[in-house]
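> Spelled out, the chains give:
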Amino acid sequence: AQTVTQSQPEMSVQEAETVTLSCTYDTSESDYYLFWYKQPPSRQMILVIRQEAYKQQNATENRFSVNFQKAAKSFSLKISDSQLGDAAMYFCAYRSRGGADGLTFGKGTHLIIQP
Amino acid sequence: KAGVTQTPRYLIKTRGQQVTLSCSPISGHRSVSWYQQTPGQGLQFLFEYFSETQRNKGNFPGRFSGRQFSNSRSEMNVSTLELGDSALYLCASSLVSGGGGNNEQFFGPGTRLTVL
Numbered sequence: 001a002q003t004v005t006q007s008q009p010e011m012s013v014q015e016a017e018t019v020t021l022s023c024t025y026d027t028s029e030s031d032y033y034l035f036w037y038k039q040p041p042s043r044q045m046i047l048v049i050r051q052e053a054y055k056q057q058n059a060t061e062n063r064f065s066v067n068f069q070k071a072a073k074s075f076s077l078k079i080s081d082s083q084l085g086d087a088a089m090y091f092c093a094y095r096s097r098g099g100a101d102g103l104t105f106g107k108g109t110h111l112i113i114q115p
Numbered sequence: 116k117a118g119v120t121q122t123p124r125y126l127i128k129t130r131g132q133q134v135t136l137s138c139s140p141i142s143g144h145r146s147v148s149w150y151q152q153t154p155g156q157g158l159q160f161l162f163e164y165f166s167e168t169q170r171n172k173g174n175f176p177g178r179f180s181g182r183q184f185s186n187s188r189s190e191m192n193v194s195t196l197e198l199g200d201s202a203l204y205l206c207a208s209s210l211v212s213g214g215g216g217n218n219e220q221f222f223g224p225g226t227r228l229t230v231l
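Listed in order, the protein sequences are those of chains A and B.
Just so you know, we're using this note's numbering here: the first sequence kicks off at 1 and counts up by one.
Just so you know, we're using this note's numbering here: the second sequence kicks off at 116 and counts up by one.
Derived from the structure by calculation, the hints contain no laboratory data.
Remember, predicted model here, so these are calculated numbers, not experimental data.
Every residue, glycine too, gets a C-beta built ideally from N, C-alpha and C.
All the pointers check out, no bait thrown in.
Under the rule of at most 30 Å between Cα atoms (straight-line distance), these lysine-lysine pairs were calculated in the DSSO-like manner:
| hint | chain 1 | residue 1 | chain 2 | residue 2 |
| --- | --- | --- | --- | --- |
| 1 | A | LYS107 | A | LYS78 |
| 2 | B | LYS116 | B | LYS172 |
| 3 | A | LYS73 | B | LYS172 |
| 4 | A | LYS70 | A | LYS55 |
| 5 | A | LYS55 | A | LYS107 |
| 6 | A | LYS55 | A | LYS73 |
| 7 | A | LYS107 | B | LYS128 |
| 8 | A | LYS107 | A | LYS73 |
| 9 | B | LYS172 | B | LYS128 |
| 10 | A | LYS107 | B | LYS172 |
| 11 | A | LYS70 | A | LYS107 |
| 12 | B | LYS172 | A | LYS55 |
| 13 | A | LYS70 | B | LYS172 |
| 14 | A | LYS78 | A | LYS55 |
Sample of chain B residues lacking proximity to chain A, with all beta carbon distances greater than 12 Å (derived):
| hint | residue |
| --- | --- |
| 15 | THR122 |
| 16 | GLY131 |
| 17 | GLN132 |
| 18 | GLN133 |
| 19 | PRO176 |
| 20 | GLY177 |
| 21 | ARG178 |
| 22 | SER180 |
| 23 | ARG188 |
| 24 | GLU190 |
| 25 | ASN192 |
| 26 | SER194 |
| 27 | LEU198 |
| 28 | VAL230 |
| 29 | LEU231 |
Rough simulated footprint, nothing fancy, chain B against chain A, three-plus residues with beta-carbon under 8 Å:
| hint | region |
| --- | --- |
| 30 | 43–57 |
| 31 | 100–108 |
The shape of chain A in the complex, shown without the other chains (with noise of 0.2 Å):
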């Protein structure tokens, strides 16, 4: 079975500076996709970006970017110039292509702007 491990429960940082939320995953397939999703408070869960594990260019969507590691099974999010509005619970997740098994989630990271 895939898991998929975030080892950072909280984060900080400063308004407009940059944070990397980290993710690590197990998996015996070689062909997936991987997401990070956002959770604002009381708010729902939405998409921020997405990577297919057989393209090698990492994934960018405007402040949002991934660092993509096929081989250490580690997939990143970075954040460039943080905004009040990103605060929020991000979530990595995982999905082999056939999805038999849905979406698998890691445990997510509260990130915390600090104005």
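Starting from the structure of chain A, add chain B where the hints point.
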């Protein structure tokens, strides 16, 4: 286009009762997945329905069941409630089943179930 809706948003039940939660997917989406979110276990996959058929199932007891209707709306049922079933139940919809890269899952606001 309206997002994923879940009803009710909050629910209080007592042990031994049963409960039914509802999820309406985004128009045009045919797949609905259910997840349980608790502080201790985090987010865990319950099951996925596509075209009225259960396609995938997580590691939950048989007390947890679901179904999907022809309009893609889905219901989840938990029988003989236990204290440990207290959780936020999230529903997610997507165009089709499976983990394809463009098959993004859109989440609803969740139903907060409290079992007393």
